[in-house]
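Enquirer: Sequence:
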Amino acid sequence: MSLTAKDKETVKTFWAKISSNGAAIGADALSRMLVVYPQTKTYFSHWKDLSPGSAPVKKHGATVIAGVADAVAKIDDLTAGLLSLSELHAFTLRVDPSNFKILSHNILVVLAIMFPTDFTPEVHVAMDKFLAAVARALSEKYR
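Numbers in the numbering used here are just positions in the sequence shown, counted from 1, shifted up by 140.
Treat the hints as calculated values from the structure; they're not laboratory data. Do not take every clue at face value.
[Said to hold, decoys possible] Okay, derived cross-link-like pairs now, DSSO-like style, lysine-lysine, Cα gap no bigger than 30 Å in a straight line:
| id | residue 1 | residue 2 |
| --- | --- | --- |
| 1 | Lys181 | Lys198 |
| 2 | Lys241 | Lys152 |
| 3 | Lys199 | Lys269 |
| 4 | Lys198 | Lys241 |
| 5 | Lys269 | Lys198 |
[Said to hold, decoys possible] Computed Cβ-Cβ distance ranges for the label pairs, DEER-style:
| id | residue 1 | residue 2 | range |
| --- | --- | --- | --- |
| 6 | Lys214 | Ser238 | 17 to 27 Å |
| 7 | Ala209 | Phe184 | 20 to 30 Å |
| 8 | Thr203 | Val249 | 13 to 23 Å |
| 9 | Thr260 | Phe184 | 31 to 41 Å |
| 10 | Asp217 | Thr153 | 16 to 26 Å |
| 11 | Thr203 | Lys241 | 10 to 20 Å |
| 12 | Ser185 | Gly207 | 30 to 40 Å |
| 13 | Lys157 | Thr203 | 33 to 43 Å |
| 14 | Thr257 | Tyr282 | 29 to 39 Å |
The C-beta atom is built at its ideal place from N, Cα and C for all residues, glycine as well.
From just these sequences and the hints, can you work out the full model?
Expert: Following this line, the structure appears as structure tokens:
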């Protein structure tokens, strides 16, 4: 499923509205992922506190959302734009690529909760397609 020009514009417009809340979005999405999908905790076993809202979760949540913001900026060529992140997650961190889809789902949940008025069905579809494209781009080096 590829992103249309309308999808890209919808993502950029929505992101411009919500990006100032990036750290909170990331912390909540990562917190939810670690609670609802406890198998994802294995990648963060070096953290002393994996509880929702803990300092490491907040910090990494902000990092994740910064990556999403970078992807919005590189929306026209996600594979090339996210190549270094793909290599990092594939070769250094060795993250199972199925986890990108799990985190994407949690980001969508948080966006729907935090921005109920702006998260219209059109925005939902565009963001879902965008985050799926980001997950595919991050999985590129696994092939």
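Enquirer: State for each hint whether it applies.
Expert: Going down the list of hints, with the structure as the test:
Distance check on the hinted pair: Lys181 and Lys198 sit about 15 Å apart at the alpha-carbon level, within 30 Å; holds. For a cut-off of 30 Å, the pair hint linking Lys241 to Lys152 stands: about 20 Å separates their Cα positions. For the given pair, Lys199 sits about 26 Å from Lys269 by alpha-carbon distance, which is consistent with the 30 Å threshold. Annotation: proposed proximity of Lys198 to Lys241 holds, straight-line Cα distance about 20 Å (limit 30 Å).
The straight-line distance between the Cα atoms of Lys269 and Lys198 is roughly 25 Å, inside the 30 Å bound, and the hint therefore holds. Taking the beta carbon of each, Lys214 and Ser238 are about 23 Å apart, inside 17 to 27 Å as hinted. Here the CB-CB span from Ala209 to Phe184 is close to 22 Å, well matched to the stated 20 to 30 Å. Range check, Thr203 to Val249: about 19 Å between beta-carbon atoms, so the 13 to 23 Å window is met.
A beta carbon spacing of about 33 Å between Thr260 and Phe184 agrees with the range 31 to 41 Å that was offered as a hint. Judged by the Cβ atoms, the range 16 to 26 Å given for Asp217 and Thr153 holds: they are separated by roughly 20 Å. Remark: the range hint 10 to 20 Å for Thr203 to Lys241 is upheld by a beta-carbon distance near 19 Å. Evaluation of the 30 to 40 Å hint for Ser185 and Gly207 yields a failure: the beta carbon distance comes to about 21 Å.
Take Lys157 and Thr203: their Cβ atoms lie about 21 Å apart, and the range 33 to 43 Å is violated. Taken as a hint, the range 29 to 39 Å holds for the pair Thr257 and Tyr282, whose Cβ atoms sit roughly 37 Å apart.
Against the hints set out earlier in the document, violations occur for numbers 12, 13.
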